[in-house]
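A.B. asks: Single-letter residue listing:
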Amino acid sequence: MLPFELPPPANDGDAPAPAYAELHALSDFSFQRGASNARELFERAKDIGYGALAITDECSLSGIVRALEASLESNLPLIVGSEFRLEDGTVLVLLVENQAGYTELCRLITLGRRRAAKGHYELHRTDIESLAGGLCLLWIPGPLNAADATLHDERAHWVAKHFSERAWLAVELHRGQHDDAELMALRELGVRHALPCVAAGDVHMHLRRRRALQDVMTAIRLNRPIAEAGHALFPNGERHLRRRETLARIYPADLIDETLVVAARCTGFDIRGINYVYPRELVPDGMDAPAYLRQLTYAGAATRWPEGIPERLVERIEKELMLVGQMQYEAFFLTVQDIVRFARSREILCQGRGSAANSVVCFCLGITEVNPAQISTLFERFISIERDEPPDIDVDFEHERREEVLQYVFNKYGRERAALAATVISYRRKSAARDVGRALGLSEDQLDQLSHAYSHAHGDVPITVRLQERGFDIGSRTLRQLVVLVEELNGMPRHLSQHVGGFVISDTPLHYLVPVENAAMDDRTIIQWDKDDLETMKLLKVDCLALGMLTCMRKAVELLRKLGGEDYRRLADIPMDDPDTYTMIQNADTVGVFQIESRAQMSMLPRLKPACYYDLVIQVAIVRPGPIQGGMVHPYLQRRKLPASEIVYEHGVRPVLERTLGVPIFQEQVMAILQVVANFTAGESDELRRSMAAWKRRGGLQKFEPRIRRNMAENGYTPEFTQQIIDQIQGFGSYGFPESHSAGFALIAYASSYMKCHHPAVFTCALLNSQPMGFYAPAQLVADLRRHGVEVRPPDVTASDWDCTLERLPNTPDTFALRLGLRLIGGLSADLGVRIVAARAETPFRDLADLARRAGMNRFERERLADAGALRVLSGHRHRARWESSGIERALPLLDNVAEERPTLRPPTLTENVFADYATHGLSLAAHPLSLIRKNLQSRRVRRASELETTRNGAWIRHAGLVTVRQRPQTASGITFVTLEDETGQVNVIVRPRVAEACRQALLDAVLLAVDGQWQSIDGVRHLVANRLHDFSDLLPALGSVSRDFH
Amino acid sequence: MLWACLRFPGLAFSAAFAATPEAGPSALLDGHARQRLIAAANEEAAAFGVRRGQSVAAARALCPALDVRPRDRDAETRLLAGIAAWCYQFSGHVSLAPPQAILMEVGASLRLFDGWPVLAERLRSGLLEQGHPHTLAATPFAAASWIFAASEDGMVLPEREGVLRMLAALPLTRSGLSASMVKSLQAMGFRRLEDIFRLPRPELTRRIGRDGVAWLDRIRGQSAHALPAWQPPASFLQRIEFDSELDGSQPLLFPLRRLTRELANLLAARDGGVQRFTLTLEHARGQSTRIVVAMAAPQREAERLFELARTRLERTTLPAPARAIELVAEELPVFRPPLRDLFEPVRGDGLDWPTLDERLRARLGDAALRQIALVADHRPERAMRYGTPGPVVSLPRRRRPLWLLPRPMPMRPDPVAVLAGPERIESGWWDGADARRDYYIVRTVEGQQAWAYLPPGTLDGWMLHGWFA
Amino acid sequence: MNAIASPNLAQVLDHPGIWRRSADRQPRVRALSTGWTSLDAKLPGGGWPQGALSEILFEHDGLGELDLVMPALAALTQEHRRVIFVAPPYLPYAPALAAAGVDLRFLHEIHAGSTEAAWSMEQCLRSGCCGAVVGWLPDIDYRSLRRLQLAAETGDACAMLFRPATHAAQNSPAALRLKVSNSDEATYVDVLKSRGLLTTTAPLLRMRA
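Residue numbers (this note's numbering), protein chains in the order written: chain A, 1 to 1047; chain B, 1 to 469; chain C, 1 to 209.
The hints are simulated quantities; they were obtained by calculation from the structure and are not laboratory data.
Treat the hints with care, since some could be wrong.
What follows is a list of derived Cβ distance ranges for each label pair [unchecked claim]:
id, chain 1, residue 1, chain 2, residue 2, range
1, B, G154, A, V465, 51 to 57 angstroms
2, A, E129, B, R36, 50 to 56 angstroms
3, B, R36, A, E487, 27 to 33 angstroms
Ideal Cβ positions, reconstructed from N, Cα and C, are used throughout, including at glycine.
Please build the complete structure, drawing on both the sequences and the hints.
C.D. replies: Laid out in structure tokens, this is it:
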């Protein structure tokens, strides 16, 4: 019946290659489906001569900006579209013809996504029927068989009815058994319903060889091993971008030609043309945005400089306003001003940072407190706007109250017009290894081992070696495949998450611009683009971030005001340039203050000796991976010791580097140097900056390096200096810290230092009430406060509030003791604190039963308070309190009638008290645990922390203490930093990898760690370099770990 | 009354390692799925510093070669019941005290076994022979025996006064009270049982509840303690899953010995025998090998049962490594001498399938009888397997031949017509059998319909893979 | 689609242009419908004779000879009755069997040499617990055929024996003998012998085109 017909040769070079446009292709933003990224797809499509390429991710436009970039790079037209599977099983692709169609597509995706839980969507036929014009529809009938014939007729009828003249029947053939018959049947179906047929590829990868990764993705999606994925896998690799010659053999010419007809209708649309407008309602009637911004700025300036605005600042303001006007960013500044104004009206402390934030305009608008009069250098350049880049303003708010700000924004603009930016969560090697390993059928146990091998704490050891160390046979097929697949999957997007605080606000509903979907958190919506996408599309984002120290500072300011002290309602009200504060900072007496409290920061303070605000700006930025890896720290410290006249600058760089003594420390400086020494334009520098943020994804400095070398050579710089600059840029990598952010942080660092210096009790009290935050646990904060001579009192139900409080001391005016709050006792709720305080306010507690009844305490709460020693006034010692609290029965009214026998109970020993204190609130005022075993320690030749103060540099000693911090920073090449605490102070220990390896268990597990090592004490920087570690925890049984480990 | 308590501290460990003897450092894991910690470690592991309470990661850091197994509570219960079966010969009242203890009333048996020292010796040697390290104590009160078995191995206190004296000095942590009660009492400053024995009863009850006070009564023999008596079950079913696949019959002997030993224990307890039991070895992909061990007469000796099973197992060719072993004995007849040969000729009609199946296997061998199952795999040769068919998987809508050649062979002469195709199949890179072929339905010169393939992109080299018979 | 995907025998056999016997049944023979209407019509009892031996003699592999028995076998397994394949020449291919409607849980294969195959087939037939036993015994002798016929009677099972068409001329105790052959690219089924069938010269059935 069928004529004998052999298959045509596959690689016939003479076969005609018709023009073709691919109308149905998924990128890796169809998560766990598309196995190639937009760049790969476009490069391949360009190589094989396609006329256009549609990116049609499933119910998503989250990959479309990357597709746009790829399209521009490859110079191949992009068709914007999306694929949908309706609830009844119908599969469609919608392609955008024009602006109106794009808006409709965004609306449809938003509709489907908002209806379903995060990661899913739900759409019905009626939703498709309601679409206005501007879209082409491809119906994908899928494989045909007799049983589905009526279904297909019905669907074809529906499509034809609702989308006449703009609907096609997509024929997708992938070398199935009956392609010919299927083609024939589909054509008949098309004729019956007057639907033109068009060829399409259902592309899931750019090359056939991505088949393995595509199979892995399918397995990940199904959450089973590939070997069990069965028919969910594609039977072959045909879903790649096939050569046009190949397509010509599969599809009749008219179907291929038809792709060009569809493409011609859709390639006219340019997504860059979407019309983003900033909200206008902030401007009062009868005024325009520029005028209103000017009015607010000068009004603010008048309060900032009551004696009159300095002349040079007026000039500056005028220049800035002009730039803002050129870019038409007035509305953006007004929005930020509005948010900040709201925060201030609620007394929520906030602080702006970022290049635009440090403008005079922002200072006048109250967005930042960084006073331009203090450091004029920063305002030489109003950097970002001159570079044609969206203004960068991040605003930090008190972490406990940021939600109020977010809800204000949502409420003010409505959910239609405000949403958070997305963050694309991408695979990293570790997560990729887990997923690939699971797909390849490895056991959970092996997956754990894989994660370890792939976790990045291993420096430069090749992965094959690490796998071998973990017992894997890297010669095995599975492992060889795994290593390759992990590299392929690494960096691919996995899902969308919400940005930490980046808002996008629009004048028109957001879904006119970009689809909106549900976030994992209730009451949050996110747009489908991330911050890079927003930058490309020139959408403005306001970052509303949460900062714990602002919470602390507000609480401190309020407390101080309540106690009758100064009123520092704004950070700017705190006196600047206070010598006592700087002396404290130089002595590294900075436990608890913002930023400069970490081990690394503290060890730098005595060397850098910050003496003014700008020194702090440097201090904040210099102890960062960028400057450390770029080798900037030591040169800078050396130059600080020199007189200014002896510092030599390479020609041209002096203006850029003078403020940091010739050593580049800030990201902005690196950019500026390139403009001076390598003739980069501002735009090119910015391109470099952006690529730095994504070097992992886009592959390093290579693209720029030849130009830098060539131009610097032409400009007469030595190869050594050139290399130094390149190393520095390289070292900055993605860790470069901008001066504009450092300036904001330094202000908060100074303010918190000032508060600690002059009001230590107030500061510590506020800090304890803002926990958890910062580097230190309450025990260290309290110990530090006591070392500063402030009395600390234990938690007590007859005196403590939920929060910590200050109790005025009777004899000396304005001196206070810190009363620990009930919040320090683990396991209790704030609600209980409220009940206790309220009941106590009525009338003092008669006894424990009275307290329990009036504060409505359950058994757990009673016993917890008893164990914490907080009942001592009512019940006596802990044993007594515990006996009484556990004797109170649920039937409270009867209690009064029960005459309990009171057996004599043994009072707790000091050791028991200390241990109980640690178990309930992590610190003890009675004694330090080490003082309890000091004799034993002395017999083991252990020296106290205080003895070490006077120990000579280089001495070999033994010290032991409670481990309070373990840290292994990525920048420290495997060194672990451990902080030990005894009854006399803290000692910093440096553990090199060799010692860490040899004494691993002690390092990881010890609560009480003993260290044999060499004492180093240079320039006021002291630490103990470990040679051997011993776990002495057995000396303090029952003392739980107090350490904050490895953050 | 004299209650002996046997405690098996290593029981959880043995149960988890029932499949293969632990070789090298090994440890047991317990806890929630999210945070599983080391619950026990063998001596070799302990020598590396592996300790109870460590995370797997921490333990592996100390000892990379550590073999860890999760705790298997079902296996523990079965193991404990197996030991109870063995103990049944010494006492008519044996009671399980999970997770790791057995209580038995031995007062009534003392005379039968010539007094406690002899009985204790027989218990101990019998248990050690079976590989169960244990501790043992006996007092008139079951609860007190349970306590002392944990802390005072070998203690026998036939008199009440002695028990009370010993109890008084016991730290609360060993009192058998729940951990939360002990913590609570310690928080009030109490350390030993005597501290709370002297407390007024209503006040104490209010603090540790009726259960706690009742326990204190029970250990002092102040209230009766009704212990459920264990009864030997009517059939035997035990299964051991292996962590890794065991290849060949040799490694299977260890679990097999364990299973036959358990079976013998049960038979001893029932005073019965077994005439027929089934060993099932499970392989990958749901395949399994079934070995029927039938005897001319009921047997009960552990060694004999093991030998019988071993011979049968060693004669069987296993198609694949085994993942689990199961022993089932449905009928446990009264032990009596054999009356007739099991394999005597039977009348042809009215057989049920298992009997027919067994008869065929007996003559043809296990390998001769098989079933065919579907596998969801695009590769034709992998789309089926021999083994027990599972639920029907999705069928791709493609035509497939009823006959598949065991392996494709060159097709001579070339087909005369292509009826359908090509159907391209590219799949299977993950297991080393990556296929890449274009399949066609073709007609031969004789009018046969065949399923044949070509490598993609070629015109000749037809390979025949099936017949549309 | 299916017309191409799988030459639908039912459609071919039931085509009005093809000879079809009237539906009156021979009440004496108990039979199992073949699933092919026009073939049923030609057979006494309307199908494969139960408790008896049927022989299918075929010229070559791949003419559709198994298609002939599949509907009946599928029906049996769907009723949870066992079907045994004894010594099949190739792998019975699960995807095709399942597509034909066979419930694989009730299909067993016995892998055996020729002597053992005949013995196995006999055992299965006699046991009384098999619905159909299908064997491939090319070299079976008359005596053994006779034993199979008897065993089928004893166990009241359907015995189906596939043998090369070259044996067509030999004498056989089978109740039904069919021949499957090919001519002009089409497959024909020829009823050689049918116990209880009155006509001696039965026309050919054209089954696969």
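A.B. asks: For every hint, state whether the structure bears it out.
C.D. replies: Quick rundown of the hints versus the structure:
1. B:G154 / A:V465: 51 to 57 angstroms: Hint holds: Cβ distance 53 angstroms, inside 51 to 57 angstroms.
2. A:E129 / B:R36: 50 to 56 angstroms: Holds, at about 53 angstroms.
3. B:R36 / A:E487: 27 to 33 angstroms: holds (31 angstroms)
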